[in-house]
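*Asks:* Chains as they are written, first to last, in the numbering used here: chain A, 1 to 367; chain B, 1 to 1030.
You may find that some hints are simply not true.
To be verified - Far from chain A by the CB rule (all over 12 angstroms, computed), these chain B residues: (1) R216; (2) T326; (3) D1025.
Claimed, not checked - Not everything, but these chain A residues come out facing chain B in the computed CB check (under 10 angstroms): (4) S183; (5) I186; (6) E188; (7) S308; (8) M311; (9) A340; (10) L344; (11) Y352; (12) P356; (13) E359.
If you're looking for bench data, these hints aren't it; they were derived computationally from the structure.
We treat Cβ as the ideally placed atom computed from N, Cα and C, and that holds for glycine.
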Amino acid sequence: MKPSLFKSIFCIGASFIAASCLTAQVLDLPQLPEGVPASKDFSLDEPVRLIDANKKTLFLKGMRNGNLVLSLPNMPGAEAEMPIDSINTTLTLELPKNFNSMTSKAEEGNYGPLYRGMKNTAGALLRFLEIHPSKSNFHSLSERYYKAVVRNAPLKRALEISLEMPWASLSGEYILQAEYLVSRCITEENFKVLEKLLSQLYMTLDEDAFAEMAFRIADSLRTKGQDQLTAKIYGSLAQSSNNILRQKSLLWACYSSAVSGDSENARALFENIEELDREDENFLTYCLARGRVGFSEGDIREGLRFLSRAMVLTTVEATFKAELYYLLIRGYTETGDDTAAQRLVREFEIFYPNSPWLEKYQTESGV
Amino acid sequence: MNSPRLPQFYVILLGVFSLVVTSSLYSQSALNEESDTILYQKLKEGLSGDLVALRPVIEELLKRSAEVPGQQESLIFLLALSYQDEYSKTKSEATLQSAAQQYEDYVELFPTGTRRDFVRFNLGGVYNDLEQYDKAIENYDWLYRRSKNNTLRNAARDKMSRIYISSNRAAEGIPIFYETFNVSVLNPELRAQAASWLIQGYLASGKAEAITPYLRYLTGRYEAVFDPKFNITLLKTGDAMFEQKNYDHAILLYTFVKSRDSIIEFYRDLVSSLKNKVRYLSTESDNYAVIDGQLKSAEANLKAVREIRSYDVDMKWRIARVFKETERHWEALWAFYHLYQDYQDHEQVEDFLFIAFKQADILVDVHMLEMLANEYLGNEKYAKYQDEVTLGLAAFYSKQKRYKELVTLSKDYLKEPRSFVVAAQLMNYIGNYYVQETKFAELNAYVSPLVSRFKAREPLYETTRYWNGLSQILLADYASAAETMSAFIADYTEKSSYYEDVYYRYAICLYGLQDKQKAEAQFTSFVEKYPSSLLRGEAELYLGDLKRERRAYAESAEHYRNVENYTENPAFIAKSIFALAEVLDESGKSDEAIEILADYIERHSETGQLADAHYRMGMIHDKEGRYAKRFEIHAEAIRTLGNDLNRYAVDQLITDYIKDYSKYEKTFDASNMLLDRLIADDAFRNTFLKDRSYQYQYMQSGEGVFLDRSLAKKLIRNRNFRTRILETEIKTDPATGQEIAPKGPVVTKEMVLDELSKLKEVFVSKSNRLSPHTPGGIFPALLKQAKTDELKVLEMRSEMALDALKDASQKSKIIYSYEELAAAPPAVINWAASKREESQPEEAIKLYSYSLQIHPHSPAAYDAVLAMAELSMRMAEKNSTKENWQTALGYYELLTGRFGMKIKDAEPHLKKGQILSQLGMDQKAIDVLGMILRNPSWKGLGHAEAHLHLGLAYRRNGQLSEAHGFFERLIVAYGGYAETVSWAYYYDMLTLKEMGEAESVQQLLAEYRTRLAILEKTEAHKLIDETFTL
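Pulled out of the complex, with its shape left as it was, chain A reads as follows:
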């Protein structure tokens, strides 16, 4: 269920959904702002030349009220509107002669030629991906092109393009590329536009698809100190009707609040979460959240109790493991368990030599 759809059902007042969702509503968590859906009413700067099933040339000029606006070369000035869901031909973009060369270079990591070479064709078609794949060759082409966009286009341009795309109609491959773009935003610290992109993705993507990506993104944002945006991501996810997802989001929201020093809010959020056992799906997140809340409240033993359990339950590959090392070292140091702290430091340096959490530890401890 998409969140937007869920929200409308909630407003209608289906009582059973309202009950399951009460916690998140009552808590009034910050959320991502309402996303702006891609416009379905626009004209392209330059029409795109296409071939139909009869090998006749058509020019795709834009969209009007969600319909394709087309023109024919032999009928200058005339335009035809074609509803997207009733296309009765196959629209094909003829590939340029150097297409293979561009894609080969892209496979070798050189996306520039592809990005520049098809800016006005494949680039423009990214806005028309609502057209069913069986009715065009846009999709496979655009997939490659979008990969080039997120890697090669200036960040601002890549985000503009992304915000114009009909995400609800896009495959998982696009979502992977979108996550790459999000990583670029985080690396290049362009958080304002990132929030817009996330809002749009949240609004249009399937809940599970968004959630899978969003937790990873929130991890990175937290590391960058972007607590507010992180809280909004968790707050939005907490609106889910899926109990497990909602619980997990609330737990991360707790964690996030605790990290940002708002232990009061963290504790208030925690009051709404039942105690979890090891068998529960979100137990690990629960341990992290409880431990972090403990730390933020100055209860180091409580922090150690839960964070150490999370440590034992995770492998070195967990995304938050480096943060966990940092926290446990801090906890052991504060409780005077220097031997344990030093052992952890050694492991930390070996496993995560480039982690910002290690850097943070080293800076704080003056190492």
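Given the coordinates of chain A, assemble chain B onto it according to the supplied hints.
*Replies:* Just chain B now, kept in the frame of chain A:
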């Protein structure tokens, strides 16, 4: 492992051979007769089938081409392949040797042959199968260094690396591993592989520290990471590191060991993926051999890992052990707890649980410790660590002050102790609990039966004896305690952990029994025997007291001074300083005493018993007649310390201030009044100073009783002074009628009046000096100050003081809420309670209980319990129900059980005996009263009363003879206590009458008559007269 040969070369061969061989079975004789063309044809056809079957053809062709070496190149290769094929079916080493020989011939004959790379590759495989690793490596290395075929180069490099690993020569492979690692930047799978090899290489060469840069590459789903051998290497090396206590590296290695299930899953996926890949490869393609080889290797690994027992638990166990050994107790706790949860059938599951418990114990984790302990103790199968867990849980309860659970746990264990050592330790917990809670009677009731039950069950027996003795001391049953402690000293040696304490406590028993000489000897012996004992300070205090009692002040002072050298206990230090001040004062060194107290106040300004010190300092001044100074000091102490809730001595300062000021005020008033009369009234002066009888009467009168003692002494007994105030009486010689000149100096009336006026001035001055300190001035000011400064405790104390100054009709109506009283000193709560004794006795008892509850260790706690006992007794007397008597008994039991050493007289025990009798529990009453007789400090009235009540109890019990015995002893030995003795006569007469001893009754009556002068005014006299006619 059987090295796969490279089948792609059939293709090459097919291009070369032009003849077709059709027969599948070839006899050498038949082949001899075939033409070359036919043989080549047969060879071509047979290449797609069994090369072993084709070998005669190959050999025949080789023979025929002996003169044309160029033709032999492919045939030798094929022959070698046929032997290799045969080996794959028969595992005959001889065939493998033959293959090797053919390949070696090829290398020698055709060093630049077109198939040399393949020959080298296959030869490497053959030597590997023959376990001739040097030769295998030599061929792979040749290929890796010289081949221009990238696939073969990489395959040879990997084969070579694997041989280094599989042949336990990983250390020798480090250079090639390193080369591989360096070219793997763009190939994460190869990087993981090379990293795993390097790790194994460095571990084999004993350079564990060198592996760390490579560990981080062991993440991701790469075969190298899941390789069973690699994982076992990690596990084994981790173990070796662990044994060497190299925990850092041990855990590093363990961390990367994959679980058996995950390895199986990985290889299952890999096999499936490789099968898919190989399906679409032509058997003649370049990659086929490589992928096929990978598939076979993956299948072998999958089979191997399926055959091994799951080591997951062992691995997790190892990691948990590292956590434990490296003091990462939190992680160790969870790691072992998870092992316990996940492997319930494991043979070590009990150990897992116990170790988890130990970690929780080390961490004092309130959540897990108790849960794990109960989990362990709740499982009937677990016995190995039951004692340790029980003790650990008991220690935890003790630290948490969860005494209810502690005592339950300990008592449960003591019901059927598995170990008397453990039971002894638990007995100590129980003993400590009861002592802390001041439940001495309960302790005695619990431990006393255990002494006989566990006789000779050491060390439990020894422990129960100790606690039994201690409880007897705390109940002031010194006679029993002395017996217990003395026997302990006789039965045990200094090896006993209780010996030192018992040796000391025995001295206290003797002290309690008033056997001062023996007590002093025992304390002295203790100090000599245990000069560094923690009890030395307290012993010095007792020695000081004992020597002070026999007026050995200098020695006594020395002991008091010693206390501070041997203890840091502030209570003992305070006691010793105060006692020292008393001794000095008693020795006439009051100034020194004051200095000692002033020094104490200065040195212990933070934590000392300052209110008490100020009190004492003031009282020395008081004793010296410096009343104003006393009140000045006390008023200042009340003002500065009065807002401290926990300074209980402030309450005594206040109480005595009011009482004594009033007394002195009356004294000075009475003294001034007397002096005024002496000055103004000549007749009175003459009579008062000269008539001893009048003096006595005056001193007993309402005016006289308040007279200043020093003034009375001066006026009545001080001859020197009296000579100055007795006017000289000029006598006249009756014979001559002339005045007879007095013998000494003449004292005129003027002189007398002058002297008395001077004295009056002194008293006026004293009175004037006192007046600024009047309670009526001090306490309202204090109250005002307290209110202004919001000093709530001082405010309540001031209110209490002011209330004491008022008449009964004007008493304060202030009622404090419980919330306010929660922050009030106990004396204030008791005061609030006392105001309700008449109007709301139940509420009064509730308040006294409240006082006791929130200030259980204050001096007022005793006052509260005593007040409750007396009030409840009065209530029972007023409304004599069983319930009321039982309530009263409860308070008296609390009083005698908890404050045994504080009770100064036998009264509470007498009351207790009386109540027990009321409840029909005479035997118990007899026990209680009998205890009074064993306490020598209660000799006198206490013993007299005890005799009376014992007699009464026996009477009620029908034991008339015993009853008579007690009455008789009372009459004989305690004649001074008229009321008690009179009752004894009465009840003894009744008893003797019931016994039919009429004559004895008459004798007793006659005896009573002789003592009528004393006994006539007693309460029993009337009853005796009515019953027996005096």
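*Asks:* Of all the hints given earlier, name the ones this structure violates by number, lowest first.
*Replies:* 1, 2, 4, 5, 6, 12, 13
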